[in-house]
Every structure is written in C-alpha cells, then in structure tokens.
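**Q** Each protein sequence line maps, in turn, to chains A and B. The opening position of the first sequence corresponds to residue 1 in my numbering, with each subsequent residue numbered one higher. The opening position of the second sequence corresponds to residue 1 in my numbering, with each subsequent residue numbered one higher.
The hints are simulated quantities; they were obtained by calculation from the structure and are not laboratory data. Just so you know, these numbers come straight off a predicted model, no measurement behind them. Glycine included, every Cβ here is placed at the ideal spot set by N, Cα and C. Just so you know, nobody snuck in bad clues.
Derived DEER-like restraints, expressed as beta-carbon distance ranges:
(1) P58/A - V42/B: 18 to 28 Å
(2) T106/A - S123/B: 48 to 58 Å
(3) T134/A - A50/B: 56 to 66 Å
(4) L57/A - S115/B: 20 to 30 Å
Over 10 Å on every C-beta distance to chain B, these chain A residues come out as not near it, computed from the model:
(5) S108
(6) S114
(7) A127
(8) P130
(9) T134
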Amino acid sequence: MTGWLTIALLAAAAVKPTVVPVGKIRAMDITPDAGANFTLTVSPATITFSATNPGTLPVVAGSSTATASWNASGSGGGDTWTLTVRAAATTFTNCSTVPVSAVTVTCSAASVTSSSGAHGATANCAAAFPLSTTAQTVASGADANNTLQYSVTISFTLADNWKYIAEMSPACTLSLTYSANVP
Amino acid sequence: MTKKTTLIIVACALLAMAGLAQAQTGTTTLSVAVAAEASLTVLTGTTTLATTGTNFSIPFTGTTNLTYFIRTTKTGGTGSLTLKVTADFGGTGGPSVATPPSAGDALTYTCTVSSPGTAATGSQTASTSASTAFGTWGANASSTKAGNTASAAWSLTDDPVYATGTYTATTTFTIAST
Numbered sequence: 001m002t003g004w005l006t007i008a009l010l011a012a013a014a015v016k017p018t019v020v021p022v023g024k025i026r027a028m029d030i031t032p033d034a035g036a037n038f039t040l041t042v043s044p045a046t047i048t049f050s051a052t053n054p055g056t057l058p059v060v061a062g063s064s065t066a067t068a069s070w071n072a073s074g075s076g077g078g079d080t081w082t083l084t085v086r087a088a089a090t091t092f093t094n095c096s097t098v099p100v101s102a103v104t105v106t107c108s109a110a111s112v113t114s115s116s117g118a119h120g121a122t123a124n125c126a127a128a129f130p131l132s133t134t135a136q137t138v139a140s141g142a143d144a145n146n147t148l149q150y151s152v153t154i155s156f157t158l159a160d161n162w163k164y165i166a167e168m169s170p171a172c173t174l175s176l177t178y179s180a181n182v183p
Numbered sequence: 001m002t003k004k005t006t007l008i009i010v011a012c013a014l015l016a017m018a019g020l021a022q023a024q025t026g027t028t029t030l031s032v033a034v035a036a037e038a039s040l041t042v043l044t045g046t047t048t049l050a051t052t053g054t055n056f057s058i059p060f061t062g063t064t065n066l067t068y069f070i071r072t073t074k075t076g077g078t079g080s081l082t083l084k085v086t087a088d089f090g091g092t093g094g095p096s097v098a099t100p101p102s103a104g105d106a107l108t109y110t111c112t113v114s115s116p117g118t119a120a121t122g123s124q125t126a127s128t129s130a131s132t133a134f135g136t137w138g139a140n141a142s143s144t145k146a147g148n149t150a151s152a153a154w155s156l157t158d159d160p161v162y163a164t165g166t167y168t169a170t171t172t173f174t175i176a177s178t
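One chain only, chain A, in its complex shape:
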C-alpha cells in the first residue's frame, strides 16, 4: 500500500494542476481499495496448550490446527504469494517465563484451487520454525491469473520446561498475526 501512494504522488507532482482532467484523478484514487479486496480468515480463534509435566510430556500439541484461508485474484506471471505469521510479544501474557520461541509452527498442508479448473498456481509449505516476533513465512507459491482459493493448515507445539512458572488463571495468552500477500 505504501508503494502505490508514492507513485500516485509523483505522478501528480509531474502534472500541471490546470491541465489535468478531474475525472481521471478520481479514477486513480479508488484503485488502492480495489487492490486489497479480499479477506483472510483464520480458524479457530483460539488454540490451547495444556502443559502438565515436562518430564513425561516435554512437547505439548495444540488443541487443534489453525486454518488460514482467503480468495484473491492473482496477477500471474510467476509472482509469489506468501503467508507469514508473527507473535505480538516475546513471551506469553501472564507467563513471562514462557518465551514465544517455545512454540514451533509447522505448516501441515497448503493448497491453491480454482473453481474454473486448471490454473497453474502452486502452494508449498515452508519448513517448521520457532515462533518469533518477526514475520516468518509459513507457506508460499507461484500465483496465477485467476480468482484462486488459498488454504494453509498450521499446527503448533509447545516445548514444556520445568523453568516455566505454573499459571492456570489468568490464562497465559499470545496473539499471532498472519499476513497473506498476493501479488
């Protein structure tokens, strides 16, 4: 979105105000809104871990996988779409001894489909990685010039540790932000 505004301002600066048709300027102004016209849906809203005993259960699986999905029109031409995820903080809220790096993010499935049939787009899972506050790619692929349905399934595990201070209530939480980028 920032790149688009810069170009528009440069174009306007190159034009003498007295000679630019008003109608053309209006047409340009509405273009950025149309460019980001899709909704990223992530389900479920909350995933829980039950860390009981690091000695007997050192790695705790999340209560379910998360699925990120969206529909968008790609530009084609071999451009790459990506889905990234990042944590909002370095530790869980109410559990400052539990770092976000204790959570491993694993893409278990990624797909791109089209209701219009063959499309040539691809979807690939990235390797598993420890969560951090830096956006990291979960899945990516080649785009196609169609309206496509994207879906990425993600699983989470928590490495339990004796050094984590016990906390059952209030809950220890962490917000993750996904970003789907389609060229």
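Starting from the known structure of chain A, fit chain B onto it as the hints suggest.
**A** Chain B alone, transformed into the frame defined by chain A:
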C-alpha cells in the same frame, strides 16, 4: 498538451496497479495452561552404608543423590520433599529403624537441597511410621530444565550388638508442588 499529460497519468496508474500487492491479516490467540508439577530422580539407586571405625565410635555412613524438578504457581504455590522408610532392615539381630536393638540407635540423615529448595535443618531421624522432612520451596519457584540437586547424608549407629551380615532397608522419597 492537455491530452498528452492525461495519458502520462493513466500510464502511471496502470503501472502502479500492475505492481500492487494485495495483503490482508488475520489473528489467532494461543493460550497455555502451565500446571504446577514436581518430579524426582534418585541417582543413587543403592546406597551402601559403611564405617571406617574399629571401636563402634564411627557410624555407618553413605550418601544418596537426587535430582528434583519443580514448578509452583506464582501466588500461593508451595512444595516439599519428604522421605519414609518403607521397608525396615530385615534379618535377625541387625539394625532396625522401627525397633532399634539399643537405646540411641537410629538411622539419621542430613539434607542438602540446592536453590530454589531449602533443606530441612539439622539431623533428621528416619521413620517407618511417618514421613520426615527433607526440603521445601515456595511460590513462583522453578527448577532448571535439567533439574536441581539434592542429597541425603545417611548415618546409622554402629552398635556392637548388631549381628554380622548385610541388611537392607528401602526408603521412599515423595515430592509435591502446588
């Protein structure tokens, strides 16, 4: 002149549209419930008690080493490590925790518990009827991932009335955290 300028603007717009990436965000909340827990590993499965004395003035001694693992709740959490003799020395004429052959005979121990635990103070007398103190810890406590060290230094009275032989007792350690 007017028409030419308009075409430049439209061309810029089309170029900008071609390079425009679409991006949207979504969120998930991860929630973790970290339970209080405790665990214990007895490193010295069999501790041999021996004496270097020749006139019954030096007791039989030996050391049992442990590794303990704990985590307690931030507020109100607590925990303890205790022990109990669950099987007394067997055989006839030998030492006994429950019924010592002579007054003053006893199986005692002194504890060492690394932080965050605190060892029971002084010499403790082991019992077959009740758990005895070894160590405690409080709220907001946690061990290292590899565990923390603890040990029991045993002392058994060397009484001339003990019949010669080898005698075995079993001690059970219990650890708990909230």
